[in-house]
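Student: Protein sequence lines correspond, in order, to chains A, B and C. Note that this note's numbering gives residue 923 to position 26 of the first sequence, counting from 1, and the numbers run on in steps of one. Note that this note's numbering gives residue 718 to position 161 of the second sequence, counting from 1, and the numbers run on in steps of one. Note that this note's numbering gives residue 1469 to position 218 of the third sequence, counting from 1, and the numbers run on in steps of one.
No lab work stands behind these hints, which were simulated from the structure alone.
Below, in silico cross-link-like pairs of lysine to any residue (SDA-like), each with a Cα-Cα straight-line distance of 20 Å or less:
1) B:K670 / B:E684
2) B:K670 / C:R1451
3) A:K1072 / A:A1084
4) A:K1152 / A:L903
5) A:K1152 / A:Q904
6) A:K1152 / A:V902
7) A:K1152 / A:Y1164
8) B:K670 / C:I1423
9) A:K1152 / A:I1107
10) A:K1072 / A:L989
11) B:K670 / C:W1418
12) A:K1152 / C:G1378
13) B:K670 / C:A1415
14) B:K670 / C:V1458
15) B:K670 / C:L1419
16) A:K1152 / A:F1034
17) A:K1072 / A:W977
18) B:K670 / C:L1452
19) B:K670 / C:A1425
20) A:K1152 / A:V1166
21) B:K670 / C:D1448
22) B:K670 / C:L1454
23) A:K1152 / C:H1374
24) B:K670 / C:F1450
25) A:K1152 / A:A1169
26) A:K1152 / C:A1371
27) A:K1072 / A:G1180
28) B:K670 / C:R1422
29) A:K1072 / A:R981
30) A:K1152 / C:V1372
31) A:K1152 / A:F900
32) B:K670 / B:D683
33) B:K670 / C:R1421
Note that the coordinates shown come from a computational prediction; the quantities given were computed from them, not determined experimentally.
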Amino acid sequence: MTFYVLQALNGLAYSMLLFLLAAGLSLIFGLMDVVNLAHGGFYMLGAYLGLSFVRWTGSFWVAVVLVPPLVAAGGFLLEWEFLRPLYRRTHLDQILLTFGFAFVISDVVRWLWGAEVQSLAAPPGLDRSIPMLGTLFPAYRLFVIALGGALALGLWLGLSRTRLGAIVRAGVANKEMTQAMGINIAAVFTGVFAFGTGLAGLAGVIAAPIQGVFPGVDFETLIVTLIVVVVGGLGTLTGSFWGSLLIGEAETFGKTLLPEAALVVIYLVMAAVLLVRPRGLFGGRTR
Amino acid sequence: MGAVLVTERLGRRFGGIVALRDVSLEIAPGERRAIIGPNGAGKTTLFNVISGELRPTSGEVRLGDHAVTGLPAHRIARLGLARTFQRNNLLLRLTALENVRLALQARTDDTRKVFTPVVRLTHLRDEARALLARMGLDGRDGVPARALSYGEQRQLEVALALAARPQVLLLDEPTSGMSPAETARMTALLSRLERDQTVVVIEHDMDVVFALADRITVLHLGEVLASGTPEAVRADARVQDIYLGAGTPEHP
Amino acid sequence: MTRAAWPAAAVVLALVPLGLSRYVTTTLTEILIYAIFAMSLDLLVGYTGLVSLGHAAFFGIAAYTVGLLSAHGATALALTLPAGVAAGAAAALLVGVFALRAAGVYFLMLTLAFAQMAFAVAHQWAGVTGGTNGLAGIARPAVPGLDLGPPVPFYYLVFILFVAAAWLLRRIAASPFGAALVGIRENEARMRAMGFDTFRLKLGAFVIAGAAAGLSGVLFAYYNGFVSPDVLYWTSSGQVLIMVLLGGAGTLAGPALGAGVVLVLQNLASSYTARWTLILGAAFILVVLAAPRGLVGLLTGRWARSS
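Turn these sequences into a full structure, and let the hints steer you where they fit.
Tutor: Below you can see the structure in the form of structure tokens.
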């Protein structure tokens, strides 16, 4: 029994990280109809920058505060300089552009930080284990669960209760109408893109002590995030939340219960969901 | 012989919005039926549900002997139904000829041919040319659809539907945006169609309606308000109440 | 592209090994292999309008098929070639059935996901696939009466298969089936309203593309002598996609040309820097921003349509 609870908690921590990523990706898509294929790259940037900040300042918390805005700035640049000129063209062109950036970020990271696997220790205070249920559970993971939950709540409240949130929701529902009402939709695009990217960067820093820091984490993470949004449904925060939970737990339990099949468990979950709901659990109807 | 197109208590909701409610129609073979009603009455939604673009949330559709409720659009098309769209829905970068040739190809088995150059299938090309000429588009074969005038594009829309030689033809505002001359030509063409084809047309232009229709169905807020001969509908007080404005002409 | 271009190119390519160096011959061999790969993707991207980000999956699965058969002593080309092509086609069928049911963006993401899954399997199922080391020691295929070891005979094998693949793909593109694919690219909803079973047509295109990619994968395995998970990595799919976009989607000749340009660039760049991925990404961005119709588009000055 204890085993399952502990695994569920592990899965929950992983799900919270996935949620940070999926929420950003899903919001960007919901508003702009663009799947940001460089999302994993920004996650990776967050992790590596976190590493460097910790080395320079000795403080994990400084990294957590400074890295996300830095990564968000990168997202801002991408959107402002490169994506904007493509708004006259198809969404496919925009997606392909982000794909090109995925290549660039991937190699730049390798260039600047090298190709070895690196690790980041949990900050002092959280680098111990808490006794619970007759065994020990890493405090850091509890922190991740708490942080993820708080952010999920914050996002939900922000979207549903604030004026800015209302603007974003309006933009997702109907861009043209929102613009006709005097809202500078281009600014909203830039803002949401930067914000979503910043979330990915935050996820990178937070995840580093758990996942490790290595080249290739960008695409591994992107794929899992894509599976989450496909399962949950693109463009919906609710979908990202439940999708993250489902995939996070499936992956965690898969790894421990069926190690040989662990690889394909989440793909099977995705295939199963798609057979029944081609647009994901919370996506719209196809007809 | 039974009705060629039947809808039974057809309903369609979009979330909280009821676009169609309890729409029951029976259209006889060879009949010319006009569907009229104010904007937002649900006319195009009705077409979308019949043709398979949308699934109804309640009710049934029958095409001849086939129950087609919920079938995908291409299956219903193959069963003998063709439609045009309210807004031009063409293959814009292809030429008028290529558009019609594809429409013709759809009802043959030619698509299975993977190794024969399509240019060698001269029967398709000749039939396409003939159809374009019939629609008043001769000489425009090689013009990309997006380079055609709006009226010509509307004509091409109808050509694509006619190419299928359908049992039932659904025309969604075929003359919208056309000049009076173009409208007259389209009306003349439609009235010349053989009676082995059944025509259901959504129209706002009452001249066209009265020139073509054997029976008229009036939709309002998703429901059938009235249905009958043109005279009966014109005399219906409820119709007069809610549906003014398309300039009902005085007919002798 | 004028109709004379293809036969002229074929003649030139046929004569190259007789006059030029071994280095040129082997480089051209690689180019022709990737040209087949790129043309197969063009059928999807350029003609049907299906952008797949995971096309390397079929290439890699076929290459691994050859590696495995070779490791078990099966070297007859008459066996390995159909086996690889069939493997590519079968994988495409499986992926297509899922990915094509999904609309628009989901399709893109699913192709990426499946290719990554193939990579993960190749990477970790070490007992079968050799893991990170892959499968080495793939000898040239056995064809009765021929020694395909030296570069020139092997080049001619590749050349003949390239000509055959190009001819087949061009016929398919010019057929009513090909016209229907173009119709799907232009307006799939209207095609359905006209009565086309677009799912089945797209699946057909997907399987053909997978088979052709499989062909190139087989030849690659023999050319390279070994197969590693790298062929299945996302950068591999990205590279063939840029070959298509750079050359000019929807023309078949464009992607073949694009394959040549990209590989020559790669060879040049690799002698100066290790940052090929960065250059590739930058090229990708540049093509999307500035030259969406690719080289063929630039050369002909208009959208080279496939009809």
